[in-house]
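> Listed below, chain by chain, are the residues.
2 protein chains.
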Amino acid sequence: MKSMRIAFLGPAASFSHQAAVESFGSSAELLPCVSFADAFAAVQDDKVDYAIIPCENSTNGSVVQTLDLLADPKGIYSDVEVCGEHYLTVHHCLLTRKGLSPPGRPGYSSITKLYTHPQAWGQCEGFLEGAFKGVERQDVSSTSKGAEIVSRETVERSAAIASRFAAEHHGLDVSEENIEDKANNTTRFLVFRNVTSGRAGRLSFEDIQVSMAQDPTSVTRTAQKTLISFMIRQDCPGALAEALLIFKDRGINLTSINTRPSQIQAWKYVFLVEGQAIPTGQHKDSISQIMERLERVTESCRHLGSWTDRLVPF
Amino acid sequence: MKSMRIAFLGPAASFSHQAAVESFGSSAELLPCVSFADAFAAVQDDKVDYAIIPCENSTNGSVVQTLDLLADPKGIYSDVEVCGEHYLTVHHCLLTRKGLSPPGRPGYSSITKLYTHPQAWGQCEGFLEGAFKGVERQDVSSTSKGAEIVSRETVERSAAIASRFAAEHHGLDVSEENIEDKANNTTRFLVFRNVTSGRAGRLSFEDIQVSMAQDPTSVTRTAQKTLISFMIRQDCPGALAEALLIFKDRGINLTSINTRPSQIQAWKYVFLVEGQAIPTGQHKDSISQIMERLERVTESCRHLGSWTDRLVPF
Numbered sequence: 053m054k055s056m057r058i059a060f061l062g063p064a065a066s067f068s069h070q071a072a073v074e075s076f077g078s079s080a081e082l083l084p085c086v087s088f089a090d091a092f093a094a095v096q097d098d099k100v101d102y103a104i105i106p107c108e109n110s111t112n113g114s115v116v117q118t119l120d121l122l123a124d125p126k127g128i129y130s131d132v133e134v135c136g137e138h139y140l141t142v143h144h145c146l147l148t149r150k151g152l153s154p155p156g157r158p159g160y161s162s163i164t165k166l167y168t169h170p171q172a173w174g175q176c177e178g179f180l181e182g183a184f185k186g187v188e189r190q191d192v193s194s195t196s197k198g199a200e201i202v203s204r205e206t207v208e209r210s211a212a213i214a215s216r217f218a219a220e221h222h223g224l225d226v227s228e229e230n231i232e233d234k235a236n237n238t239t240r241f242l243v244f245r246n247v248t249s250g251r252a253g254r255l256s257f258e259d260i261q262v263s264m265a266q267d268p269t270s271v272t273r274t275a276q277k278t279l280i281s282f283m284i285r286q287d288c289p290g291a292l293a294e295a296l297l298i299f300k301d302r303g304i305n306l307t308s309i310n311t312r313p314s315q316i317q318a319w320k321y322v323f324l325v326e327g328q329a330i331p332t333g334q335h336k337d338s339i340s341q342i343m344e345r346l347e348r349v350t351e352s353c354r355h356l357g358s359w360t361d362r363l364v365p366f
Numbered sequence: 053m054k055s056m057r058i059a060f061l062g063p064a065a066s067f068s069h070q071a072a073v074e075s076f077g078s079s080a081e082l083l084p085c086v087s088f089a090d091a092f093a094a095v096q097d098d099k100v101d102y103a104i105i106p107c108e109n110s111t112n113g114s115v116v117q118t119l120d121l122l123a124d125p126k127g128i129y130s131d132v133e134v135c136g137e138h139y140l141t142v143h144h145c146l147l148t149r150k151g152l153s154p155p156g157r158p159g160y161s162s163i164t165k166l167y168t169h170p171q172a173w174g175q176c177e178g179f180l181e182g183a184f185k186g187v188e189r190q191d192v193s194s195t196s197k198g199a200e201i202v203s204r205e206t207v208e209r210s211a212a213i214a215s216r217f218a219a220e221h222h223g224l225d226v227s228e229e230n231i232e233d234k235a236n237n238t239t240r241f242l243v244f245r246n247v248t249s250g251r252a253g254r255l256s257f258e259d260i261q262v263s264m265a266q267d268p269t270s271v272t273r274t275a276q277k278t279l280i281s282f283m284i285r286q287d288c289p290g291a292l293a294e295a296l297l298i299f300k301d302r303g304i305n306l307t308s309i310n311t312r313p314s315q316i317q318a319w320k321y322v323f324l325v326e327g328q329a330i331p332t333g334q335h336k337d338s339i340s341q342i343m344e345r346l347e348r349v350t351e352s353c354r355h356l357g358s359w360t361d362r363l364v365p366f
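So the protein sequences, as listed, match chains A and B.
Take any residue in the first sequence, count from 1 to its spot, add 52: that is its number in the numbering used here.
Take any residue in the second sequence, count from 1 to its spot, add 52: that is its number in the numbering used here.
Hints listed in this document are in silico derivations from the structure and should not be mistaken for laboratory results.
You may find that some hints are simply not true.
A pair holds if it fits inside one copy or across any two, identical chains being indistinguishable in the list.
Stated by the list, open to error - When the alpha-carbon atoms are kept at most 25 Å apart in a straight line, the in silico SDA-like pairs for lysine to any residue are as follows: (1) Lys-126 x Lys-234; (2) Lys-185 x Pro-331; (3) Lys-126 x Gly-174; (4) Lys-165 x Phe-179; (5) Lys-234 x Lys-320; (6) Lys-336 x Asn-230; (7) Lys-99 x Tyr-129; (8) Lys-336 x Glu-294; (9) Lys-234 x Asn-109; (10) Lys-165 x Glu-74; (11) Lys-336 x Gln-276; (12) Lys-99 x Gln-117; (13) Lys-234 x Val-116; (14) Lys-234 x Ser-314; (15) Lys-54 x Val-247; (16) Lys-126 x Trp-173; (17) Lys-99 x Glu-258; (18) Lys-165 x Glu-177.
Please model the complete structure; the sequences and the hints are all you need to start from.
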């Protein structure tokens with residue numbers, strides 16, 4: 053079988069890369085993209101089987117670039133739909149050149165410089181204050197980039213803050229794990245495919261999950277998530293509430309609603325509504341009925357996909 | 053009368069500063085803050101009469117830092133409420149040192165360097181391509197900062213892209229106005245006050261607007277906006293739709309809904325709901341009734357303020 057082609061947000065060894073490997077395995081052909089829009093275009097143009105893109109972080113909330121690509125008011129990505137999700141817990145590690153220092157704090161005093169993404173300094177403040185007070189810090193464009201710099205050094209004694217995945221990718225030692233201040237900082241990724249694609253032999257994302265799971269029963273979740281976008285008529289007071297009521301009537305529990313500018317007219321919005329339901333066999337009928345009724349009360353609406361809920365409660 | 057103290061997001065001559073002058077006049081004491089949180093704290097600690105903070109842009113959507121301060125899951129800003137809004141259309145100008153070059157394009161060829169905030173390059177791409185192709189560009193932390201740098205130069209022949217307001221503040225010439233590619237790029241600011249404040253002689257924001265208007269009838273708008281936040285019980289399917297239905301039942305037209313992380317527990321959210329209604333005399337009763345009913349179906353809820361709709365339709 054031809055290997056699957058998966059677009060992710062680069063660079064190599066980024067958290068998106070890690071999410072792609074966890075979702076599709078390392079035998080898939082993984083293609084780094086320089087932007088979210090590039091990954092969407094790769095799916096729309098049928099150049100890849102899937103794309104995996106971060107959509108939400110448990111601390112920082114929605115990723116607005118992803119919301120705006122989903123809102124898609126100009127219909128550029130009309131064939132792109134969500135077909136799955138993946139949760140990745142963000143763990144930071146202290147990475148050093150192989151053999152530079154023994155694991156654990158005794159060796160840290162020889163380290164004279166640290167590299168990481170600006171956001172990661174803040175996420176590891178407690179650890180850094182304790183072990184690296186006053187040590188020079190150099191910002192880099194991604195945690196993975198910091199790991200790459202350290203891996204290329206030959207004389208300097210520096211360290212990077214990045215993931216274990218980046219350590220493996222760049223051949224570094226993990227001197228200390230889980231150095232983040234706050235546990236459970238988790239990013240949710242969405243998996244996208246082209247609805248019209250006739251790519252030969254493409255497995256469904258659900259089948260891929262079952263084939264990769266060590267315990268296949270663990271992927272048999274019951275709840276289905278659904279994402280729908282719509283614009284309301286501006287001359288209809290109450291139209292938004294009426295549109296949302298349709299979800300309730302069809303047994304869909306609303307979990308998230310976001311408002312994004314339509315880019316068509318100032319203060320005209322696209323609403324992105326995510327809901328959840330236990331499928332009853334008539335789930336697909338429910339979605340069609342929701343869309344039929346939404347068409348009557350909205351200016352435009354679009355079913356952006358339905359997929360299996362993968363959130364494991366903490 | 054003691055002059056009013058107003059907090060805004062600095063530096064001096066920023067768009068927030070301009071919004072503050074337009075809303076409160078130049079006789080008010082305007083205090084630049086270094087962050088949104090500082091401005092909220094100044095209101096909460098009763099150090100200012102009002103704060104004015106951007107909450108939404110017609111192109112980029114909600115300002116999430118402002119949403120998160122409003123969501124306020126830990127109740128740090130429990131006395132801060134919204135009491136008004138102000139719309140500011142963002143116009144960029146080409147600013148030069150007084151007398152450096154005559155207005156209009158003939159003089160541009162002598163300009164060897166441009167300063168502005170990274171976002172403004174993108175917003176003026178068409179103008180820059182036409183008149184300044186290949187000219188050196190220097191990023192600065194705010195458009196106002198760029199104007200300040202140019203105003204201090206004595207020998208160099210450079211220009212800044214910033215507002216007319218910044219030109220006046222820093223004593224620069226406006227060589228060309230409205231150089232932005234897209235008209236109607238508008239930012240909405242919210243005005244905040246402390247509900248418990250006993251500041252002597254403080255005028256209501258509405259009274260300030262009436263006193264400042266050249267045509268007082270222009271501020272007699274009829275619609276009232278209301279902002280309410282709530283968290284729903286996670287074990288209640290349908291709770292979000294039920295909460296939103298309460299607004300509809302009380303004649304409030306939902307205009308915007310945003311979902312923000314609660315920071316209390318991963319994937320638990322604060323919903324921020326904005327609605328609009330034509331007050332009927334019973335408007336305050338309606339809000340109390342909404343809050344009473346919301347208290348029954350939500351885990352927590354808060355009325356964040358009601359104010360006069362100031363949007364003039366395009």
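> Now tell me, hint by hint, if it's right for this structure.
Status of the hints after comparison with the structure:
Taking CA atoms no more than 25 Å apart as the test, Lys-126 paired with Lys-234 passes between copies only; the shortest distance there is 17 Å, against 39 Å inside one copy. In this homomeric assembly, Lys-185 and Pro-331 never come within 25 Å of each other (Cα to Cα): the closest approach is 53 Å inside a single copy and 58 Å across copies. Proximity of Lys-126 to Gly-174 under the C-alpha cut-off of 25 Å is restricted to the inter-copy arrangement: shortest distance 20 Å between copies versus 38 Å within a copy. Taking the shortest Cα distances, Lys-165 and Phe-179 sit within 25 Å of each other inside one copy (15 Å), while across copies they are farther apart (43 Å).
Taking the shortest alpha-carbon separations for Lys-234 and Lys-320, only the inter-copy value of 16 Å comes in at or below 25 Å, while the best intra-copy value is 38 Å. In this homomeric assembly, Lys-336 and Asn-230 never come within 25 Å of each other (Cα to Cα): the closest approach is 42 Å inside a single copy and 51 Å across copies. For the identical chains of this complex, Lys-99 and Tyr-129 are intra-copy neighbours only, at 13 Å inside a copy versus 50 Å across copies, given an alpha-carbon limit of 25 Å. For the homomeric pair Lys-336 and Glu-294, the shortest alpha-carbon distances inside one copy (21 Å) and between copies (24 Å) are both at most 25 Å.
Proximity of Lys-234 and Asn-109 under a CA criterion of 25 Å is satisfied intra-copy only: 13 Å inside one chain copy versus 32 Å between copies. In this homomeric assembly, Lys-165 and Glu-74 never come within 25 Å of each other (Cα to Cα): the closest approach is 31 Å inside a single copy and 48 Å across copies. In this homomeric assembly, Lys-336 and Gln-276 come within 25 Å of each other (Cα to Cα) only inside a single copy, at 11 Å, whereas the closest approach across copies is 40 Å. In this homomeric assembly, Lys-99 and Gln-117 come within 25 Å of each other (Cα to Cα) only inside a single copy, at 21 Å, whereas the closest approach across copies is 37 Å.
In the homo-oligomer, the alpha carbons of Lys-234 and Val-116 lie at most 25 Å apart both inside one protomer (23 Å) and across protomers (21 Å), since each shortest distance falls under that limit. In this homomeric assembly, Lys-234 and Ser-314 come within 25 Å of each other (Cα to Cα) only across copies, at 15 Å, whereas the closest approach inside a single copy is 35 Å. For a Cα distance limit of 25 Å, the shortest separation of Lys-54 from Val-247 inside one copy, 20 Å, qualifies, whereas the shortest one across copies, 65 Å, does not. With identical chains, the CA atoms of Lys-126 and Trp-173 are at most 25 Å apart between copies only, with a shortest distance of 24 Å across copies and 38 Å within one.
In this assembly of identical chains, Lys-99 and Glu-258 lie within 25 Å of each other by CA distance solely inside one copy; the values are 21 Å within and 57 Å between copies. For the identical chains of this complex, Lys-165 and Glu-177 are intra-copy neighbours only, at 16 Å inside a copy versus 39 Å across copies, given an alpha-carbon limit of 25 Å.
When each numbered hint is compared with the structure, violations occur for hints 2, 6, 10.
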